[in-house]
Each structure stands twice: as C-alpha cells, then as structure tokens.
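The listed protein sequences correspond, in order, to chains A and B.
Residues in the first sequence are numbered from 13 upward in steps of one, following this note's numbering.
Residues in the second sequence are numbered from 59 upward in steps of one, following this note's numbering.
Worth flagging that the hints you see were computed from the coordinates, not collected in a lab.
Keep in mind that a hint or two might mislead.
Stated by the list, open to error - Only part of the chain A face toward chain B is listed, based on derived beta-carbon distances under 10 Å:
1. A42
2. M59
3. V63
4. V68
5. S84
6. T90
7. I389
8. K390
Here the structure is a predicted model, which is why all the values come from computation and not from measurement.
Cβ coordinates follow ideal geometry from the N, Cα and C atoms, glycine included.
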Amino acid sequence: MFNQENKRLLLQGNEAIAYGALAAGCRFFAGYPITPATEISEMLATMLPQVGGTFVQMEDEIASMGAIIGASLAGEKTMTATSGPGFSLMQENLGYACIAEVPCVVVNVMRGGPSTGLPTCPSQGDVQMARWGTHGDHPIIVMAVSSVSDSFSITIKAFNLSEQYRVPVVLLSDEVVAHTRECVQLPDQKSIRVVDRIRPSVPPDWYKPYEGDNRGVPHMAAFGDGYRHHVTGLVHDEYGFPTQKPNEVQQFQNRLTKKITRGFSEIMMTKGFMLEDAEIAVIAYGSVARSALKAVEDARKQGVKVGLLQLITLFPFPRSHVSPLLEQCRAVLVPEMNMGQISREVQRVNQNKCVVAKHNRIDGQFITPNEIYAQLIKL
Amino acid sequence: MAVTAQKIRHEYLRHNKKFPHVWCPGCGNGIVMAALLRAIYRMEISKDDVVLASGIGCSGRMPTYLDFNTLHTTHGRALTFATGVKLAKPDLNVVAIMGDGDATAIGGNHFIHAARRNLNLTAIIINNSIYGMTGGQYSPTTPFGSTSTTSVYGHIEHDFSIAELAVTAGASFVARATVYHGELMDRLIEQAMRKRGFAVVEVISNCHVQYGRRNKLGGAVDMLTSFKENSITVSKAEKLSPEELEGKTTIGVLTDREMPISTEEYKKVRERASKTKGKI
Ligand SMILES: Cc1ncc(C[n+]2csc(CCOP(=O)(O)OP(=O)(O)O)c2C)c(N)n1
Ligand code: SF4
Ligand SMILES: [Mg+2]
C-alpha cells in the first residue's frame, strides 16, 4: 500500500500513529491543530489523498468529531487526533458515537492540564476523562501507547476493536511518545490483521439496524448502501427509533454494556515483563512503562525480584490481568504522570491483597527510570 | 395534486415509525417537511441516495419520520456530521435540517464554515424566532423588544438575518421563503438541492405555541397571514429604500453563484497527491 512498507523508518510516535491508521484501513481523518498532536494531522493530510482517502481540517474539535462520525456512518474507517483542550470539546459527540455505536478512533496526545495547561509537556492527566468524559453511563475502550512501534501496532488494534465492537476507541499517547524518534520496521501490509465491521447480510426489508448479533453487536450498513435507517443520539429501539419505554431502554443499555463485557478477554491487553517469579511489580502505561522497564531491568541486576505489567488497554480496566499479580506480589508500584488515575483502579481490584504504592508527577516532567528504581527498592 | 400528495405520503413517510409525530397542531415544521418531499419527488432521486441530517430541536425531529438515510445528530452539529457523510460519499444528496438556535447559536460556527468550505450540501433552516423545543427561550433570531421565557422584560439583543449571514459567509446559493409560501418553498428547495455547492434555504416559520402566544401574534393561521402580508420578493425589494423595507421579509433567491466545490477540488488534490506518492 505504501512503499515505505518493509523499510526501516525513523519515525516519531505521532507519525507512527498515522502509518498505523493507514495500515488499519483508515481512509478519513478530520482534525483541528493542537500541540502535541498536530503531526498526526499533517501526516494524514499528506498521505490520505495519496491512497484515495480524505483529510479535512474542521473549524474546531466538536466539528472534527461530528465529521468522523458522519464519515463512519457512510462506511469509512475514521480517526481524529487532538490533545486535552480539544478532547474536552469532543466529549459530547464522543457520547454520540457511544450511543449510536459508530466505530471511530480518537487519539489524545496528552499534555499537561487542566485548560491550556502545559502545551509542550507530557502528562497522563486525561486517563479518567477518556473513560468518563462524556456524560451518562457508556461503554468505551481506552488504550495507551508507550513507544513508536506501539504507536503503529496499537493504533491498528484500536481500529480493529472499534470495528469489531462498534464502539469508539480512545487512543492515549503522551508528549514523550509523540515526539520521540525511533527506528521502526513497519511490517508487511499482508501480515497485518485488519478487522472490518460486519455489514448486514439480510435483505434491506429485514434489516434491524440496532439488533445485536450473538455478540450483542448490531451489523452496520453504510448510508447509501440501500439499507435506509435512522441513527439518533436518543435512546432507541432495535429499529433505531427513539423510545422511552423502560423495558426497551433497559434492554438497550444492557446490550451496550454487555457487548463489551462479553469481549473482555479479547479487549483487555497487557504485556508482562519478568513477572514469573516477581515479588514486586510495577504497573505502568504510556511512556512511563518504558522508564519502568529500564528500572525493572536495573533492579533485577541487583537481585530484586521485580517485574513489569504494561497496560495497553486501560479501560475496560484489565482486572483479570492485574488481580493475579496482586495475589502473587507483596507490593506493586504504579508510577503515573497524574495524581493517581490508574492506581485508584488498581486499588479497587486490590481489596487489601498487597501494598499498592504510587509515584506521581504533575510538574510537566516525565518520570525517569532512576525515579522508579528509587521507589522500587524501598518496597 | 391530491393524488400526488397521497403518493408522496405513501412513498416517503416511514411505515414502520409509529405516528403521531411530536409537533404541535399547526406547527410550520410539517409544511417544510411537505415542501422538501415535493422537491425530492420532482427530482426523482432514489430514497437510498438521500441523507437527511438534523440537529436537536422541534425541527430536528423531522428525519425520524422520513424514509431516507436519516441522521438525528447533536444540537447544532448537523452540518459537521453531514460534512463527514458528504466527503466520504460525495454522490449522496445530503440535506441538513436545522432550527434557528441550532444553526446560528450553538451551531453558528459550523454554519459559517460550511458556507465557506462550500461542499455540495443543502441546508434548510427553519427559523421560528425561538427555541421551540425547550419551551420558548430567546434565540439569535428573536426580534429586539419581543418577549420570551428568558426575556420577560423585553429582548435587548439584536437578531441575525440568517440568509444574509449565509451570503456573507460565502454560500453558493441562498434563498428564503416562509411557510405561507409553500410552493415557492419547494421550488427553492429543489433549486438548492440541484445547486452544485453549499446551498441554504431559510424558511420563516411559526411557533405560535412558544413564540406567537407570548407576543400576542395569534394562532398558526394569524401568523401565516402575517407572513403573507409582510413578505416581499427579492425583485420588488430591490426597488425599495431601506426605510420602505423595514419590517419586511424578502423572499426568493438572494444569491446564486458559481464557485469551486470542495468535494470536486479534493479529487484534484488526490490526483496531485498520487503523483507524489513515496516522495513525501
Ligand atoms: C448541547 C445542548 N445544549 C442545549 C440543549 C437543549 N436544547 C434542545 S433543543 C434547543 C433549542 C432548539 O431551538 P431551535 O434550534 O431554534 O429549534 P426549534 O425547537 O425551535 O425547532 C435546546 C437549547 C441540547 N439538546 N444540547
Ligand atoms: S413548540 Fe413550536 S416549533 Fe415546536 S412543535 Fe410546537 S409549534 Fe412547532
Ligand atoms: Mg427555533
């Protein structure tokens, strides 16, 4: 597809996200410039038209989110990319994508906040917002990238999950990953697993646009394909029409939740390092996971039995991966560039099984291996 | 006419959507809906090729009843969703239906940028001078001095002229009608849908329930009668002074101009880009 294929490239995290999106089949991007996410827009403005896709710069992030939903309903795989202030503006339409079950990927390259905050500094301050930013109970998937090669491969996974479950996926990066340049070998397009939404196979007259299949996921027709149907942000019945009947509302809400819980084993992704005999574990994600890996390696050299669990999926929180670790270890350390947005999730799972220590930084500086090491050996 | 009307109802109203609709008896929204359907019927466009997007408000409920690809979006954002649909599938006929608050308050930025961007889209704005659905608060088109539930002592802000706003923002085609002028309206909607470029039809409508009643303008019939009396065609208006035009609504085509359409221009972008593949 691109002739960069199978070559070693020196890429930034942001550029790797753009490549990952194309490899996943993304052919529509709408966005509004913001540091530290802008390079994703710039790359896709260049590359999408080369492959017959579409890039549009909208008037703001509200509009960008609306445009990717519209294009997804018309059959495209779509993405937008932003940072904190823009992510705040996207929340209302992100909820629309949840309720109307519109696949799309929303990249948030986190910077220091709140408000304009620290535009050029890294942060992980939007983790809980990614889960709960839009109003109302809603299903959503949140994933985090920690390196340039992750930025490529996890972007593809984000698209696949979004298509498979008809749910928006928020992909969290941070300023460190976004702007670090690393050498990566992009895999051959043929070797990449690409998942597409299931289209209806019944004739149009039989089509119920919001009837879940055995996984609870409705099959999705594109506008213009002959399956005329109604899409709304109101709670709706299987035909897509608004309803307030308590039984229909409940049924609908149950399906939305269950389609994700049924997929837990596939959706929850983590990576373990040196965990087999670990007595202490670091639980980390994003750029911090890389510092953590270095700290763990250094501690191992000193004979400390420590390992790392890198979270790729942040929400639904990978409880089934974290829980056994809490049984196994006497202590875990959760370093984050926020005041403890994931450590509180770990604590919820923990229920006093082991010591949960935190290491938090919100001064706009990234967490170094040495800092983590220093915390580790105290445990 | 009666036969045609029946045919249109049968063809375009959703059979599987349980009526009654949500609108008050006498509401102008139904008149706009009928005009839109007459236009589509005359143009013989396949229902599969029509996408009707709306925002939130009484006007926003229209697509629910119609047998097209229908998209009831969020308040003010219909044009952003419509932009995505149109860019992804440029061959579809995409029409956005919006209220005055929808299009020019919360969605005002999207509206002017859609006009400037000039995709081949049609925007129909039902201007009833009020936030109907939320119960009669003032909107960007509520006239100075009138009352609403949030301007009980008289409104102190000035109103937008939506059509003129669209002209200034760069729309390719801009027209205005009132719900009294049903046949003019369907002709204008047809022209707008045929127009290649961003086309706007502003329809002055009656919300006698939330606006008319509070401002002692009578019921639906009284309001329609006043629309008839206060309207003047664009060609007649050209001969009058601003003083003589005070309080009048100009109806007809305000602007019809040729400009590059961004869906077409983007095809050229793709061609230029494909030549650079691998180089950038
Ligand atoms: C973000 C947001 N803010 C407020 C509302 C509440 N709301 C619903 S409809 C409406 C006003 C509708 O007025 P208009 O667009 O003129 O449409 P009409 O009902 O008059 O047709 C408002 C403020 C909302 N749905 N969403
Ligand atoms: S409140 Fe006004 S705009 Fe809404 S349906 Fe009733 S008359 Fe129409
Ligand atoms: Mg209104």
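Results for each hint:
1. A42: holds (7 Å)
2. M59: holds (8 Å)
3. V63: Holds. Min distance 8 Å.
4. V68: Holds, because the Cβ-Cβ distance from V68(A) to chain B comes to roughly 6 Å (cut-off 10 Å).
5. S84: Holds: closest Cβ of chain B sits about 7 Å from S84(A), inside 10 Å.
6. T90: Result: holds, 7 Å to nearest chain B Cβ.
7. I389: It is violated, given that the least Cβ distance between I389(A) and chain B is near 49 Å, above 10 Å.
8. K390: violated (49 Å)
Checked against the numbered hints listed earlier, the structure breaks hints 7 and 8; every other hint is satisfied.
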